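Protein chains in written order, with the working numbering: chain X, 1 to 112; chain E, 1001 to 1112.
Derived from the structure by calculation, the hints contain no laboratory data.
Among the clues, some could well be false.
As the list claims (entries may be wrong) - Calculated cross-link-like contacts (lysine-lysine; reagent style DSS-like; alpha-carbon spacing at most 25 Å):
hint, chain 1, residue 1, chain 2, residue 2
1, E, Lys1041, X, Lys49
2, E, Lys1044, X, Lys49
3, X, Lys68, X, Lys111
To be verified - Some chain X residues judged to face chain E by a derived CB distance under 8 Å, without partners named:
hint, residue
4, Val4
5, Tyr32
6, Gly41
7, Gly43
8, Phe90
9, Ala95
10, Val97
11, Asn98
12, Met100
13, Phe102
14, Gly103
15, Thr106
16, Val110
Everything numeric in this text was worked out from a predicted model, so none of it was measured.
Backbone N, C-alpha and C define an ideal beta-carbon position, used for all residues, glycine too.
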Amino acid sequence: AQSVTQPDIHITVSEGASLELRCNYSYGATPYLFWYVQSPGQGLQLLLKYFSGDTLVQGIKGFEAEFKRSQSSFNLRKPSVHWSDAAEYFCAVGARVNDMRFGAGTRLTVKP
Amino acid sequence: EAGVTQFPSHSVIEKGQTVTLRCDPISGHDNLYWYRRVMGKEIKFLLHFVKESKQDESGMPNNRFLAERTGGTYSTLKVQPAELEDSGVYFCASSVRGWEQFFGPGTRLTVL
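Here chain E stands alone, though its shape is the one from the complex (with noise of 0.2 Å):
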């Protein structure tokens, strides 16, 4: 069975630019999260979807983040226009359950 995959590993674009970086859960997960990790700092939590709708987008930075999960299946976070400070590794989770969360191995975005 393939885990969480994510796409790209790296992304290294310019300020003001638009990236986006896509989550592929798990087959059968309806659970799926985003989180970040800026530099050296702890896993933060961004949101999550249950199958299609957003659960709780608590912890998007700001508006231009922006998160769909097209037919339940995979996800994408959009961020537009990038800033500096989020660059950071992003992570892609899903599960069946709330708890046992099967994370994927990042994108790392940098912004220059």
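Here chain X stands alone, though its shape is the one from the complex (with noise of 0.2 Å):
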């Protein structure tokens, strides 16, 4: 079966800490991938996607995530987290546009 997990529901790190945010999927072949993040009051925003090549991506507001074939794994990472980067963040991996599969979500607080 085609699922998604984002093992932590909630995240706490300091302001100027590194982050990794973890997504790890099921899925009958290698799907398209991605990062959304919502942040209060806001809709969802692309972070970043991977559809072929390189496998280390880069994305907005200085994320990247790795797409590791091996693992069945595209964890989000940034190395020094501001305080505006609190908000929630939705891995989602699909084929097809409408067959697209979130993650329950992970739920970043900052620390200052």
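Grab the two chains, each in its own frame, and use the hints to assemble them into the complex.
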């Protein structure tokens, strides 16, 4: 069965610390992979996506993600977190746009 | 350029009542999608319009849900009659091409 797992429901990091949000998926083939962020009162915003090629993908706001086929993972990273990064983050996978599967989300809290 | 807008932002209704959610996509976006997130769970696809035509409505939970897109512009999602399990956040997204979806802030529906 196709599924997306974000193991961490809630993560707290200090401002300036590094961040890694985990995403694992189960899919019949290598799907397209996405990370979205939702800030309070806002819609989901696309941070980055992986279709093919270089497995290290750069996104907006200083985020990057690495696709590891052997681990079926697509973890999101940022070297230094800012207070404005506090939000909820969603991993999504899909081979067709109408077959996108989202994870349950990881809420990030940033401590001053 | 205005983003995707959704109205209302919140709706609280009683079981058995009818609610209509509205989505205004970004101008010129032929593709319009509805998603739903039940409390704490993953975001799930409901349906996809291309202009005024339903391209895929495989995610619609049951026949209490009716989506329309008048003239290929705004879309409405009606729930009639609403049940307790319909509570959640309903997101709308639009795109020119499928994968680059722009999301609205969502409508939080509470059915009492």
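So, going through the hints one by one against the coordinates:
1. E:Lys1041 <-> X:Lys49: 22 Å, holds
2. E:Lys1044 <-> X:Lys49: 19 Å, holds
3. X:Lys68 <-> X:Lys111: Between X:Lys68 and X:Lys111 the Cα gap is close to 30 Å, so the pair fails against 25 Å, i.e. violated.
4. Val4: 7 Å, holds
5. Tyr32: 7 Å, holds
6. Gly41: Status holds, d = 6 Å.
7. Gly43: Holds: closest Cβ of chain E sits about 4 Å from X:Gly43, inside 8 Å.
8. Phe90: Since the shortest Cβ distance to chain E is 7 Å, the answer is holds.
9. Ala95: It is violated, given that the least Cβ distance between X:Ala95 and chain E is near 11 Å, above 8 Å.
10. Val97: 3 Å, holds
11. Asn98: 4 Å, holds
12. Met100: Holds, about 6 Å.
13. Phe102: It holds, given that the least Cβ distance between X:Phe102 and chain E is near 4 Å, below 8 Å.
14. Gly103: 6 Å, holds
15. Thr106: Since the shortest Cβ distance to chain E is 12 Å, the answer is violated.
16. Val110: 21 Å, violated
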